[in-house]
Every structure is written in structure tokens, then in C-alpha cells.
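*Asks:* Given these sequences and hints, build the entire structure.
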Amino acid sequence: MEKNVILAFSDFAMRKNLIWFFSTHRQKGIYARTLLLPRSDFPVHMNHEERVKMDEQISTACNVDDLYKWQWNQNKPTFVLHDGPPYANGDVHLGHAVNKILKDIFARYKAMSGFRVHFRPGWDCHGLPVELLAIKSMDENSRRDPILVRKRAKEFALKAVQSQMDSFKKWAIMADWKNPYLTLDKEYEGKELEIFKILHQHGLVYRAYRPVYWSPSSRTALAESELEYVTNHCTEAVYFKYSVVNFPKKILALQPTDRIWALVWTTMPWTLAFNNAICFGKKLVYILAKIKSEYYIFAMDAIDRLRNLLKLEIEVKSTFQGSFLSGLYYACPMQPDHALPFYSAEHVTSAKGTGLVHTSFAHGFEDFAVAVEHGEEVKCFVDEDGRYRRELGPDLGGLQVQTEGQAAVLEKFKKYILTKENVTQSYPYDWRTKQPVIVRSSKQWFIDTEQLKKAALDQLNDVNFYPENFAQSFKEVLARRPAWCISRQRVWGVPVPIFYDPETNEPIESNSLLENTVRLIQQHGSDIWWHSQAGDFAVDDTTMKLCKSDEILDIWFDSGVSWAAALDEQRKSSADLIVEGMDQLRGWFQSLLLTSVAVEQRSPYKNVLLHGFVLDEQGHKMSKSVGNVITPDAVISGQGEIGSKQIPAVGVDGLRLWVAQCAADRTHIPVGPQSLLTVKQTLGQLRSTLCFLLGVLNDFDCSNDSVEYDRLLVVDKYMLHVLAEFQNSMKSAYESFSALEAVTRAVQFSNGSVSKFYCTTVKDRLYCERAESLKRRSAQTVLHEVQTAFTSAVAPLLPYLAEEVHFYRNGKLGSFVFQKGWYDCPQRWTDKTLSDRMDPLLKARGRFLADYGKQNTYKFSICINDVSLKENIALLWSNSADAVVELADLFRVGQLQIGYNTNDNEFDVASVQHPLCSRCRRYICQRRESHRSDFYQVPAAYSNSVGEERQPVQVGFLNCTYRHCDIYWLSDQNNPVLYCTIPPRGFVNVRSYAFHKWIFRDHGTFERLRCQYYTHTPRFVPPFVFILHPDLSLLRRCVEVVVDQINAGRIQRDDIPGQYLKLIEKTTSRKIFFQSDVDNTTVKLEKLEH
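Going by the UniProt record's numbering, the first residue of the sequence shown is number 1, and it counts up by one from there.
Treat the hints as calculated values from the structure; they're not laboratory data.
Don't take every hint at face value.
FRET-style restraints, in silico, Cβ to Cβ [to be verified]:
| no. | residue 1 | residue 2 | range |
| --- | --- | --- | --- |
| 1 | Gln639 | Gly695 | 28 to 34 angstroms |
| 2 | Lys292 | Gly627 | 49 to 55 angstroms |
| 3 | Phe995 | Gly811 | 40 to 46 angstroms |
Glycine is no exception: its CB is placed at the ideal position from the N, C-alpha and C atoms.
*Replies:* This is the structure in C-alpha cells:
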């Protein structure tokens, strides 16, 4: 207190302010100290630095490597989760997070529920993505050396593996990180070639000249699974005319000089340069139509399309069946000396185009089938770079077919073009280079899928798909699958271990040669194929000349044999679960199934879980150029912006919660500031509930304070029933591999059953009852079970949160929740009878709160009239008094009565007439009397009818003064006995009995202090006493305030004028000592000693 306060001591306003300060400061926080409020250091919200620090501490204490090793060493049944290998070609993205976190959720659940989990992570290290990265970092000369390219590619792959592994471990993914499988390991390559050898020996692998998807940008063949269909691909469609040479003009009364044109339609005009035939549908109806002065043949269904496109009159001269075209020939402007045929084909329709299909045998799958059917020779005039060969002449040779080559063709033969149009269609692109592909015939190695399809489809009948609707989709895709092209014209991969005759370029069929090659690669790795000459692989009795294959195996074959190469001894049975994106229906799922069926005649998996793809919140694909890319690290740490919105930091658990909440069971997975903000809010709600549970359990020891089930209150037993149902529902969600259902049930249970229902119902018991009372311990027993079970239930989803809760509850940080296992509720907690009887009461509660919940419901009194409700109450509670107390808490009202009469109203609601209890803030006191006295005596209401058998009662004393206060109880001989000393504003609970007397004295002056207390009727409110200053005049009160400030060292001697100091000493009848006096005395003593 400053000097001017004393100088204005006689001022009335200052006196008034001092009195106000004294009275308000005295009352502040009085009741809070008497309540058993939640106390916990568990943080509901954390900033970025705190979250990162906590995640790092938990990550260190719960090391995923040690955790995996611990669970794997358990003597339990094995659950095999087969990991689909991601590409080792760069940093991780949110797609990786979705995939790996979903796998970890179910791996953790299985490990907690009685299994040891085999989860060996893998990486697909070969293939074009890694090879392109390697080539970009090399000079022109080095790029031509396959050995140098392979060396650099391996370096890139291993670097990416380590980087991705570090990220996966950061996300708390529990896997066998010390023993991953890499497709570049020689052990893996050896097993892969063993599978190839078996397929080759069974006649399932063959070499053929046939059309394949070819990527000019990658200079290699592609499988269907390596394509990415772009739905908005724009191309130029051409209506091209060919002159029919042997049309029967006389039948239709045409002049010999009239020319008849066959009108074809194509969306790949670059193939017009090597037209081989025109296909028609023999069941379609065709017309001969006159357009201007020329005659054209096309399907009748195309007439309206042509009229709209040409804006010309079309005159129909004749109609005929498609079979009429059989035997006709036409002249091709590219080959004017040859007459080319019309062929009937099943793939021809009139839904688009003209019903006449331009056919190029080397550049279409149906086209090739027509050539095979009619014994036609197939020649390809497009090279590996997608350019016209020199055989086509100087006008076209060397031109890129899809760009300048196509333009040159259309310019050269423009007089044969009737019209053109732009068409937007779905077109295949190389999924790596994002460039359009072509269909090109070449010699490739294939797996004969026709021999495997039926057995594979039969095996799928025993495989479960999640979601279920994808099972039929997968079967349809598999049934349509063509032959599997497994050869690639690259160098970074496993070589096709085949040798050719250098003279005929035909493969040499020799099992001994193949077995020797596989053996050498198993011993030395696939690099030996490039380091050695062909003769080094020859067996002893081979004298023929050999030429090595310059192709590698498809990377889908690499990863497709992982069931044999990566599962170790676990390959003896099918994997229990595989989890991948929906695109793998055309990729890894098929390659796994086909290779396993071919070798072991069984499916390599039992359950298949599919997930979608990550897009931004507007449904757009992530792109750096667009600026909508969000990385996993950005989600964890909240770094960066999307547009003008900041990405919120949600931590590792937030990332996992986003995966479970947003990524599961969705085709398109949205991510952005808004969705992440929702995740952060959900995580905050869960943490808020857990913080409350930890807070109210701070004084609860489950080993000593737990209440037996039979002694629990009815509402508490019901909550255990709800908890058991929740735990079973969580188990069901995990068993059906539904992370979304699991997190939805967890959030609903936390926010609804726990927070809004039970905690609200028992809050008064927890705060206001005696710490050791049965009512409070009963509620704490249930809340302890709720906290334990809930933590166990969310541990697979949010492992860091679970261990953090355990740390704040038990003071130990580690993998305790995980190692303790899944928490199964006792069977007796599931009480259907109790639930059925509580259900009508809860519905009535819901109706009451719906009508009155926006008001303070503790101001209301309820009288229950409904007969069925009263019957249920009678069945649930044997004692009506207990029923009234519990139901009042359940309905959250000040008073509740069970009516003796019935009327049409389910319950009557009235205002409570009782005053507000200042401690529990409920309107429950029928009468409250205030008393001031020099002593406090425990009321007689706390004794039984027999005086000697008195009940113990807890009495609260709050020191409202600035003095240290001694508390005495008076013995039967009226002798004061010191009980304790409490500091200013201190509070203490004492154990007393009825009729006990208590007095209070200033610890320093021994002056008697006064007290104030209230007498409640009925007396179920525990006694509470305020210790006050003695009754003093206004001057004495002000002086006491100043003396307290002097004793606290806030006022020094120089701050008070001499006349006011004399007034203070006179008023208090004692000498006033200042802190400076003590200090000066100490200095003087030190000088004397010196």
C-alpha cells in the first residue's frame, strides 16, 4: 500500500474503499476451497511447441521398434498384415499417411486383443520413377551406361526408403522397421525369379508379338494397372472417306461413273497412315446416302449426327444389312495399288461415329484380334519413341505420331476428310510421366491370365472386402483383364532371365539354363546380369551362342510376388489383411492373386480394406502449381497456408484422427484448413472429457477406494452397462475394419454418454459430498472404469493420447496401455433388465430437458405422475428416499417427488421455493439461518437417537482474515486443545462430532476471533464455518488492514507520518515493528560481532 493511502486515512472515500476491499477480498474464492473440484495438470489445449515436445517424449518412451519386438515375442496366435510396398521415389504425402495409419490402427487393435501381429513394411524400389530420378542427375554419357544408372537408382531408392521410414515411425506406426523387405534385395529378387521359373515351366509365361499400351515418354510397354485415365482428354475426331471399288451399282441403279465412299470415324487420326481394313457390324442397318453430289455408306443411326455436324441435307438412297458389305473392297489413299477388305467384327457399334470402323492391326486390341481371325500379317510402323518409321517416306518418317505426325497425315490426305470435330473423352496416360500413351504392337513377355482367371475368381468367393461393394467391382475388372505384359524396356529392375538365339532372335527354351541363371542371381544379386557376359550363365554342356534379354520384369510382378518373398514363414497361410487404395483393384490386388493362384492355388489374402484418394476441400487433386498441397508435417505442426487460411497444428494424434475421421470409407478424402480445424475441435473435446475424468479421480485409489458392484448406486450401475455396450461396439468396429465407425462411436460416447449424461448427473456428488462418502466413491469407481476402458478403446486410434492419459493418471510414461491389452468389461455389467427399466426414465428426462434445458433446471421441482415411470422406479430402487435423491440428480432439478396420485401429465413442474445454497449453487435448502459467535458448536442433528452413538461429521473452516489462526476444540472439561494452525485465507476440513465446540484465536496476539456459520434444514449440507476478525469499529478495521500490510513488509516506517503511527499503536495497544527495524537490528548485531 502506497504512502498516499495513509495520508488520506481520514478521508471518507478512502475509508469506504478500504471497507470495500476488505469485504470483497474476504469473500473471494470462499466456496471453491470447500469443494472437491477436479484437479489435474492434463492440458486440454497445447501450443505447437508443447505438442511437439510431448509427442517427442511419448515417441521416445513408446519406441515403435521395441513395441513391435515386445508384441511379436508374445506366445499368441499370429495375425498377418501384409504391407503393400510404396514406391521409394520421394518424400511422403498424405496418401502415405492414410495408408500406413489405417494399417497401424488395426495392427494395434489385434495386438491388444490377443494376437501377435506380423507387419513387415516393404518398399517397391525398382521401376521407372526411380530410374528417371537417377537419369536426371547424370550427364549424357553416364546415362548410356546401364551399370551406372542402376547404381545411381539404387542410391536414390535407399535414400527414399530411409526418409519415408523416419516419417512412418514419427506417425507412431508399429512395424518391423528393423527388418523391412526391399524389392532390390538379392533375397527378394531370388524368390521373385523362382516364381518366374515356376510360371515359365508351367507354360504360363510366353513371348508374343501383339499390341500393348506403349508410353513414348517412358519408351516402354505398360500394363493396364500402370495407366491413369484422364477424363477430359481432348482430341480431334475425323470423318474419313475411302473409295469402295466393287460396290454393286447396278442393283441400286447407279451410274458406272458414280463413286461410292465408305465413311469411317476415328479419334486417332495418326493411325490413318497404316489403315488395314474397315470393320462393320453385320447386324447393323446401313444406308447409301447422297451428300451434295457424292454417295456415302454409313450406319442409319449416324444420319442425325451427320446432319447436325455438316448442316447439309442427306438423301437416303437405299438401306441394307451390314452383311451386305461382306466381300467388298476399298482403295486406301496410303496404299493406292492395294484393295483392302471389309471385315465383320463384334466390337462395332453405331452409338458413336458412323458404324464403320477404321482398323489398324498393329494399333488396337480389337484390330489385332481381327487380323488374327483372318490370318492377316501385322506390321508396326511406329518406333519406341512414338515416331513414324522411315518406311513411311520422308513426309512422315521421324515425326511424333500424336503431334506433328498426325497434323502431317491430315494435311497430306485432307481431300479425303469429309469433316472434323473436337471430342473430349477418357484416354489412358502414363501414370508416371503424365503423358498420353499409344497402342503399339511389339514382341513382349506375357502371363497367360486366361488360364488363371477362373481359379482366381473362385478364390475370391472366400475373400472379404471392406466396403463390400468393391468385391463385385474387383471380379468384373479381373474377368476383363487381358494377357499380363510383364516385360519392360528399361534397366532398373529384375532382368527377364531369358536368352535368345542371336541369329533368329527367338528365346532358347532350356530349363537348366534358366535354373542356373536364377541361382547365380540369387547368389550375387541382379547386377550380375549387367556385369557378366551371356556365356557366363551357360551350363557346362551348353555350346550354343547366347544373347541376353535386354528387358526387365514389370514392377507389378516385383510387388506381386511379395506374398512369397516378404512374409517369411507366414506365407504358409494367407495374409489376414491387406490395406490399399482403390486403384489397386487394377494393380497389386490382381498381381498378388494371379501369382499366388498360379503357384499355390490359393488366395494370398483373406480380407481386403480399401481407401480413397486425398483431394483438397474443393475436390481438386493436390498440385504444387495450384498451391493446394498439404504435407503430413504441415498437418502435425500447422506450418503453411492454403489460400489465406492457416493450417491448424493437430499433432501426431490429430493426423491419425483425421485419417480415421475423414479418410476411412471415402472415395475422395478431403483435407484443408476447415477439415483440419474440425479434427482439432474433435480432439479438444476428447481431451476435455479425459481432463475432467483425471481431475475428479485425483484423490481416488482404485485398489483401496473402489466400491463393489452390488453397492453401487443405480445410475452408476446403468453407466457401467452403457460402458460395456460401448466397449463391445468399439470391438465390433475394429473387427469389421471400420476406423470411421470406431472414431464416431468414441466421440459420441465421450461427448454424449460420459460428458453430457453421466458427468452432469454425478457432478454434485463429486464436488459436494465428503471425499470418502459412498455416493462419491461410487461415482469415482465408475469414472475410473470409464477412463480405463475408454483409454483402451481409443489406444489403436490415438496411441499418444492414451499413453499421455496413463502418464497423468499414474505418473509413468511408456507403452503401458498397449501392453496391458484390450479392456474387456465384466459380463455382469451388461444388464438388459436394468437398461429396459432405465430407458423410460431417460426418455422422460430427455423430454424435460428439451422443454426446460435452456433455463437453470435446478430452480424447478418435478413431481412424477406417470404410472409406468413409478413402476420402473419401484423396481429399480428399494428405498424411495434413495430414488428421490438419485432422480433429482438425473433430472438435474432442485427437488423431485414421486406423486401418489395420477393425472394426464407425465410429470408436473413447479418452481422451487427454497433458497440457494451458496456452496453447491442448488436451490435445496428449506431453511437457512446465519449465526455469528465467538465459538462454533456442531449441531445436534449429526447425532443418533442414542447420545453416545454419534456420527462423525466433516466440518470445513475457512480463515477469512489476514492473520494466522489457531483452531481449538473444547474438551468435555471445557479445556481448549489446539487442533491446528491455518494461514490467512487457508482452509481445512476437520473430523468432528455433534455437540463439539470450537474456538479460534490469533496465532500472534492470542486474541479471540469470531466466526460465522449457517444452519441448514434439512441437515444434509455439511457444516461450514467462516473465521472472521473480531467485531471492530470502522477505525479498528482500517487499522487492522494497515497492520497486516506492515507485517507483510509492504509498508515501511518512512511511509507513515509519526502521528498516524502513534494512532495505530494506541488503537492496537502494542508496539509496531517494521521490516526495516528488523533489518537495521541485524546489521547492528553483525557490526558488534565484527
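*Asks:* So, for every hint listed, does it hold in this structure?
*Replies:* Each hint tested on the structure:
no., hint, verdict
1, Gln639 - Gly695: 28 to 34 angstroms, "33 angstroms, holds"
2, Lys292 - Gly627: 49 to 55 angstroms, "53 angstroms, holds"
3, Phe995 - Gly811: 40 to 46 angstroms, "43 angstroms, holds"
Of the hints listed earlier, there is not a single one the structure fails to meet.
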